[in-house]
Amino acid sequence: KNQVEQSPQSLIILEGKNCTLQCNYTVSPFSNLRWYKQDTGRGPVSLTIMTFSENTKSNGRYTATLDADTKQSSLHITASQLSDSASYICVVSGPSSGTYKYIFGTGTRLKVLA
Amino acid sequence: DAGITQSPRHKVTETGTPVTLRCHQTENHRYMYWYRQDPGHGLRLIHYSYGVKDTDKGEVSDGYSVSRSKTEDFLLTLESATSSQTSVYFCAIRQGEANTEAFFGQGTRLTVV
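Residue numbers (the working numbering), protein chains in the order written: chain A, 88 to 201; chain B, 283 to 395.
Mixed in with the good hints there might be a few duds.
Unchecked claim - Pairs of lysine to aspartate or glutamate, EDC-like flavour, derived with a Cα cap of 20 Å: (1) Lys144(A) x Glu383(B); (2) Lys198(A) x Asp126(A); (3) Lys188(A) x Asp336(B); (4) Lys188(A) x Asp338(B); (5) Lys88(A) x Glu341(B); (6) Lys188(A) x Glu383(B).
Just so you know, these hints were derived from the structure itself, not from any lab.
Using the sequences plus the hints, can you model the full thing?
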């Protein structure tokens, strides 16, 4: 069964600290992996997208890594800010029956405290 | 917000009534999607469209229908709303499949009482 599991479910950190969010998936065949940020009451916004040949992708203070062999990805946030408080969603996609299937994780809810 | 507008943003309706949610895009993207987001679940695909009048079912399509008569509009209809359809609904658009970017609307919070 195609699944995407994220950990932890929630996380509280102090402003300025770093943190790492995890994503494990069983989606096969695999095409790419995306990380989204979703602020409360808003739609998800893309942070990074990686294909199976990419190991690392950065977007400002956000760095995503991908190990396609172990089917694991992580999102590292450096020097966190209050505005980083949001849910972070991992999405894995791959071809399926002539189209593409996008499997969403349930997200990690991050709260950054002053 | 990448030219996607969902309407209404909030709606409360009674069980058994029909409800239509609208997604409007100004990006001329080919693919449009309707998802629902519920606590404890990732976003789940309801229906999607790959062109005008071309639609297909997603994983949670029961109780929902869609229509796309123009490139820019994708309508989601609940023929007879039930309490289990209380959710936040998101529309998304994408230029192509595979490695292209998806852009999401702001969401519609629907409550069925």
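Results for each hint:
A distance of roughly 15 Å separates the Cα atoms of Lys144(A) and Glu383(B); the hinted pair therefore holds under the 20 Å criterion. Taken as a hint, the Lys198(A) and Asp126(A) pair is honoured in the structure, with Cα atoms around 11 Å apart against an allowance of 20 Å. A threshold of 20 Å between alpha carbons decides the hint, and for Lys188(A) with Asp336(B) the separation of about 17 Å falls inside it, so the pair holds. For the hint linking Lys188(A) to Asp338(B), the alpha-carbon distance of about 12 Å falls within 20 Å, and the restraint holds.
Pair hint Lys88(A) plus Glu341(B) holds up; C-alpha atoms about 13 Å apart against a cutoff of 20 Å. With a C-alpha separation of about 14 Å, the suggested pairing of Lys188(A) with Glu383(B) holds against the 20 Å cut-off.
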